[in-house]
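A.B. asks: Listed below, chain by chain, are the residues.
2 protein chains.
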Amino acid sequence: MSGPDAPLRVEELRARLKEIGRERYHHRHPFHLLMHQGALGRGQLQAWALNRYYYQSVIPSKDAIILARSEDRNFRRAWRKRIVDHDGDGPQDGGIERWIRLAEATGLGRERVVSGDEILPAVRFAVNAYLDLVKNRTFLEAVASSLTELFSRELIALRIDALRKHYPWLGGGLDYFTARLEQAPADAAFAFDYIARNACTRAEQDQAMAALTSKCDILWAQLDALYFAYVQPGWIPAGAFVPAKE
Amino acid sequence: MSGPDAPLRVEELRARLKEIGRERYHHRHPFHLLMHQGALGRGQLQAWALNRYYYQSVIPSKDAIILARSEDRNFRRAWRKRIVDHDGDGPQDGGIERWIRLAEATGLGRERVVSGDEILPAVRFAVNAYLDLVKNRTFLEAVASSLTELFSRELIALRIDALRKHYPWLGGGLDYFTARLEQAPADAAFAFDYIARNACTRAEQDQAMAALTSKCDILWAQLDALYFAYVQPGWIPAGAFVPAKE
Numbered sequence: 001m002s003g004p005d006a007p008l009r010v011e012e013l014r015a016r017l018k019e020i021g022r023e024r025y026h027h028r029h030p031f032h033l034l035m036h037q038g039a040l041g042r043g044q045l046q047a048w049a050l051n052r053y054y055y056q057s058v059i060p061s062k063d064a065i066i067l068a069r070s071e072d073r074n075f076r077r078a079w080r081k082r083i084v085d086h087d088g089d090g091p092q093d094g095g096i097e098r099w100i101r102l103a104e105a106t107g108l109g110r111e112r113v114v115s116g117d118e119i120l121p122a123v124r125f126a127v128n129a130y131l132d133l134v135k136n137r138t139f140l141e142a143v144a145s146s147l148t149e150l151f152s153r154e155l156i157a158l159r160i161d162a163l164r165k166h167y168p169w170l171g172g173g174l175d176y177f178t179a180r181l182e183q184a185p186a187d188a189a190f191a192f193d194y195i196a197r198n199a200c201t202r203a204e205q206d207q208a209m210a211a212l213t214s215k216c217d218i219l220w221a222q223l224d225a226l227y228f229a230y231v232q233p234g235w236i237p238a239g240a241f242v243p244a245k246e
Numbered sequence: 247m248s249g250p251d252a253p254l255r256v257e258e259l260r261a262r263l264k265e266i267g268r269e270r271y272h273h274r275h276p277f278h279l280l281m282h283q284g285a286l287g288r289g290q291l292q293a294w295a296l297n298r299y300y301y302q303s304v305i306p307s308k309d310a311i312i313l314a315r316s317e318d319r320n321f322r323r324a325w326r327k328r329i330v331d332h333d334g335d336g337p338q339d340g341g342i343e344r345w346i347r348l349a350e351a352t353g354l355g356r357e358r359v360v361s362g363d364e365i366l367p368a369v370r371f372a373v374n375a376y377l378d379l380v381k382n383r384t385f386l387e388a389v390a391s392s393l394t395e396l397f398s399r400e401l402i403a404l405r406i407d408a409l410r411k412h413y414p415w416l417g418g419g420l421d422y423f424t425a426r427l428e429q430a431p432a433d434a435a436f437a438f439d440y441i442a443r444n445a446c447t448r449a450e451q452d453q454a455m456a457a458l459t460s461k462c463d464i465l466w467a468q469l470d471a472l473y474f475a476y477v478q479p480g481w482i483p484a485g486a487f488v489p490a491k492e
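Heads up: the protein sequence lines correspond to chains A and B, in order.
Numbered per this note's numbering, the first sequence spans residues 1 to 246.
Numbered per this note's numbering, the second sequence spans residues 247 to 492.
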């Protein structure tokens, strides 16, 4: 089968997904560019850590929804790793705890971060859209929405260097990212393999690509909201985090 | 009963709700202030009409979710009016059709508006948060979230005058608003009466106030996204509406 309705071959599918990442992944977002240039102040990093905490905190719920929708024990065994990575296991901390330590390293108190009281509404809406996606779109789309991890290793490696260089006072706050350097590529490989084997028709492949696009929009919208409230301003919506004067 | 846990009396509850509106309702949003001063260009009004269409288009779904959650036939008979108002009845157009005509009056084609393809992701996420609220929070909160209509008549009256004065080329595109001048206060009176009678404890009253606050955040976030993409810029996210050069 060929023509517009023919399924893409695996390498073509991979190339298309990477193209979406090149265009829409948040490595290009001006908030990240400023961060990596060392141009953000402490209050801006605090706003980022506090808001991004909300995203981190719902990841296990997101993955549990996917787990709940799978009827395949082997898939569930593999996917469960993500929940362990973020929630931790026994004495081992997970990504959420590491993110709290990053926020603490910016100078925020743990309670203030965990309460979520000062999150930008637009960030909350974008993150909740991710839960909505994995709940209400097809299982294939739910899995495909995680494929931003195809692009995250490179961004994280760059970020670790930039944060160490420009914000040395963050100290050990970067453990979250060093852990993700290994976790994210493994997760991405599993998810891509799943999509490559299970998105059999061109329509299903198109859905997978659309889900990845939606996920990129979800990440991008969070940074737009941060940029508008804390960089360009703009203004801070009522009730949201207000940085202390520096 | 008195003290911090005592239920508020009806007039005190009304005053508290109005106070939330004074602080958080989007009549204060700079995008609206610019609109009412006549300071927006055609492309900016198009972006507003196109994005706000998405909000208008889900209102009957929002109200049908509330209808579906009610076990009271009399409540359902009254609430059903909202769906009729927006979807129309027989030869009578509803609010959605009138909004499309407003968008057409700004110079956009109907198909382009109705497709929803060019909506800002942040607007989509905020509007979907409204659906999420009426689905997943208590019934009382779902009803209370409609109480922004307590404040809308005044904003709409102001807007009709301002749009006629500053953008006379909108012509008959303002029918949506003239219809809402009568619909919104009737809806608000019913919803307020329902809350006043059914939010019996202070905790329930607090929930109702929190739901109204959330709804204000939902409206505000839509305008923040419009302002960032089309007024201050900022930038327009990938895939979103790009106004023609004026």
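Treat each hint with caution, since some may be false.
Stated by the list, open to error - Just the calculated beta-carbon pair ranges, DEER-fashion:
hint, chain 1, residue 1, chain 2, residue 2, range
1, B, GLU269, A, ARG112, 40 to 50 Å
2, B, ARG315, A, VAL114, 30 to 40 Å
3, B, GLN283, A, TRP169, 51 to 61 Å
4, A, ALA64, B, LEU313, 50 to 60 Å
5, B, GLU269, A, ARG28, 44 to 54 Å
6, A, GLU71, B, SER307, 39 to 49 Å
Stated by the list, open to error - To spell it out: a stretch of chain A is covered by chain B in this simulated footprint if at least three of its residues, at any positions, have a beta carbon under 8 Å from a beta carbon of chain B; those stretches are:
hint, segment
7, 4 to 14
8, 145 to 157
9, 222 to 228
Just so you know, the hints here were simulated from the structure itself, not pulled from any lab data.
C-beta atoms are modelled at their ideal positions from N, C-alpha and C, and glycine is treated no differently.
A.B. asks: What are the numbers of the hints that this structure violates, sorted from low to high?
C.D. replies: 1, 3, 4, 5, 6, 7 and 8
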